[in-house]
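Could you put together the complete structure from these sequences and hints?
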Amino acid sequence: MKRENFKSRLGFILISAGCAIGIGNVWKFPYVAGRNGGGIFVLFYLLFLVMVGAPALTMEFAVGRASRKSVLGCYQELEPKGSKWHLHGYAALFGNYVIMMFYTTVAGWMISYFYRFLANDFYGLDTEGVSEKFSNMLADPREMLFWMALIVILGFLICSMGLQNGVEKISKPMMIGLLGLIVILAVNSMMLPGGAEGIKFYLVPNWEQVKKVGLLNVIIAAMNQAFFTLSVGMGGMAIFGSYIGKERSLLGESVNIIVLDTFVAVVAGMIMFPACDTYNLEVTAGPSLLFDTMASVFNHMQGGRWWGALFFLFMVFAAMSTVFGVCENLLAMIRELTGWSRPVGCIACGIGTFLVALTTALGYSLIRFQPFAKGTAWLDLWDFIVSNNAMPLGSLILALFCCTRRGWGWNNFLQEANAGKGLKIKAWMKPLFCYFVPVGILFIYIYGMFTFPWH
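The letter at position 113 of the sequence shown is residue 112 when you use numbering that gives the first Met the number 0, and the numbering goes up by one with no holes.
Calculated directly from the structure, the hints in this document are not laboratory data.
Please note that the accuracy of each hint is not assured.
Now the in silico label distances, taken between C-beta atoms and shown as ranges [claimed, not checked]:
#, residue 1, residue 2, range
1, Y434, L42, 17 to 25 Å
2, G244, K425, 19 to 27 Å
3, P204, G81, 49 to 57 Å
4, Q163, L86, 29 to 37 Å
5, Q414, P286, 43 to 51 Å
6, F442, R405, 18 to 26 Å
7, K425, N119, 53 to 61 Å
8, L124, K420, 53 to 61 Å
9, P342, T126, 41 to 49 Å
10, Q369, G81, 39 to 47 Å
11, L124, V186, 20 to 28 Å
Below, simulated SDA-like cross-link-like pairs (lysine to any residue); rule was C-alpha separation at most 20 Å, straight line [claimed, not checked]:
#, residue 1, residue 2
12, K80, G408
13, K211, E281
14, K373, A284
15, K132, R115
16, K373, L361
17, K245, L413
18, K423, V258
19, K425, E246
20, K27, L312
21, K373, H454
22, K245, R67
23, K27, N205
24, K211, R34
25, K6, G161
26, K373, T358
27, K27, N388
28, K429, V49
29, K1, T337
30, K80, N410
31, K425, F435
32, K245, G421
33, K425, G408
34, K373, Y363
35, K171, L156
36, K373, M448
37, K373, P286
38, K132, G374
39, K1, G165
40, K245, W409
The beta carbon of each residue, even a glycine, is placed where N, CA and C say it ideally should be.
Quick look at the structure:
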């Protein structure tokens, strides 16, 4: 099977950044930053992106580029004979299906709300009425199925057109649109009456809040967010690494992607805080921030119908950029297993994805299930499997694979990562990659298990 390649370096950077930039950048980062001392949290976040995020991302790109295969095949290509590293490939295949079990439904919510704002569906509603709209949507199985199915069809339809003519051709303008929209929305928010106060609370270091939360907790929150924001550990970045040449070194490319991801996360807060401060609403985390708080903000705003539509169009782009990345990763793994063509693989993967995603789409109506605390649903179970288990453990395995003699080994990794022009990994960085990153990831995993709200 001939290996496809990206048409341009810009395509690779934008698509990789798009896979990293997801809904979490918008519905989690601003809330966590505000709660943990604003500017202090952001500084620690940037520090951990450099110390944990960039090395982890570089390692995943390296195994993809060296093997020219997905995470399912990369270990067989690079591991010493007789070793069992390749078992992680099958775990990653399962993990990618789990992502699609809930992400397709959540992405469907974004398209639904984009349409609702265009249709002026929230006209005349108070905050409670806006909140009720979201609850009614969750309880309607036909509506939930429709939007989820639309996302699955769009994702695999684009992938069926090929890497260059489908994924790259659609993702590049979509990502440029996303970056343009977020700037327009942020400027509009900052010009609101509460704009200055909102930005001050968000980005000016708040030592009182740090004392209240505890400096150690602020540092842990920053480390957590820095790790999870890049979507490493599941092979999504390995597959994009497998589609690029050796013209550029991988640490430099990782930094470019981190800059774009961070830009979106930070600027998202510049939309949230000024708008919420103006209308006296609290910045929360998770779905309620978008579908209750922000929907209410736009409903109160002059021209809010159009600002709301633009905001949810931005969210559609953020969600779909991740959907395309996961679809491409799934497709590559299934094709390596079966030898199927792109169109056949897309049909099979699409049907499989639709069937497994039924749990989340119908989990608020026909097949209710509360895996953890009261009010949780299938979505929370799938998110727990991916975010708390598959991503940190997958990243830990990749780090050990790249850094230990029983795996691919440091020298092989270094040679691959440093091939081409750009930022190089220096000899003094070895302890950072080989010791700090695995220990940091292990800490994130254990801490996540201890602090998870099981009840």
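How the hints compare with the structure:
1. Y434 <-> L42: 17 to 25 Å: holds (23 Å)
2. G244 <-> K425: 19 to 27 Å: holds (23 Å)
3. P204 <-> G81: 49 to 57 Å: Roughly 53 Å apart at Cβ, these two residues keep to the hinted range, so it holds.
4. Q163 <-> L86: 29 to 37 Å: Hint holds: Cβ distance 32 Å, inside 29 to 37 Å.
5. Q414 <-> P286: 43 to 51 Å: holds (45 Å)
6. F442 <-> R405: 18 to 26 Å: Given a distance of about 22 Å, which is inside 18 to 26 Å, the answer is holds.
7. K425 <-> N119: 53 to 61 Å: holds (57 Å)
8. L124 <-> K420: 53 to 61 Å: At 55 Å between Cβs, range holds.
9. P342 <-> T126: 41 to 49 Å: holds (47 Å)
10. Q369 <-> G81: 39 to 47 Å: Holds: the Cβ-Cβ distance is about 45 Å, inside 39 to 47 Å.
11. L124 <-> V186: 20 to 28 Å: holds (26 Å)
12. K80 <-> G408: Holds: K80 and G408 sit about 13 Å apart, inside 20 Å.
13. K211 <-> E281: holds (18 Å)
14. K373 <-> A284: Judged against 20 Å, a Cα distance of about 18 Å means the pair holds.
15. K132 <-> R115: Since the Cα atoms of K132 and R115 sit roughly 10 Å apart, the hinted pair holds (cutoff 20 Å).
16. K373 <-> L361: holds (17 Å)
17. K245 <-> L413: holds (13 Å)
18. K423 <-> V258: holds (17 Å)
19. K425 <-> E246: holds (18 Å)
20. K27 <-> L312: At roughly 18 Å apart (the allowed maximum being 20 Å), L312 and K27 satisfy the hint.
21. K373 <-> H454: holds (8 Å)
22. K245 <-> R67: Holds. K245 to R67 sits at ~11 Å (cutoff 20 Å).
23. K27 <-> N205: holds (19 Å)
24. K211 <-> R34: holds (10 Å)
25. K6 <-> G161: Given pair K6, G161 holds - Cα atoms ~11 Å apart, limit 20 Å.
26. K373 <-> T358: holds (18 Å)
27. K27 <-> N388: Holds. K27 to N388 sits at ~19 Å (cutoff 20 Å).
28. K429 <-> V49: holds (14 Å)
29. K1 <-> T337: holds (15 Å)
30. K80 <-> N410: Roughly 18 Å between the alpha carbons, so the hint for K80 and N410 holds.
31. K425 <-> F435: Satisfied, since the Cα-Cα distance of roughly 15 Å is no more than 20 Å.
32. K245 <-> G421: Holds, at about 11 Å.
33. K425 <-> G408: holds (16 Å)
34. K373 <-> Y363: This hinted pair holds, its Cα atoms lying about 13 Å apart.
35. K171 <-> L156: holds (16 Å)
36. K373 <-> M448: holds (19 Å)
37. K373 <-> P286: Roughly 16 Å separates the two Cα atoms, so the pair holds.
38. K132 <-> G374: Holds - the C-alpha atoms of G374 and K132 are around 18 Å apart, at most 20 Å.
39. K1 <-> G165: Holds, at about 17 Å.
40. K245 <-> W409: holds (18 Å)
Checked against the numbered hints given earlier, the structure satisfies every one of them.
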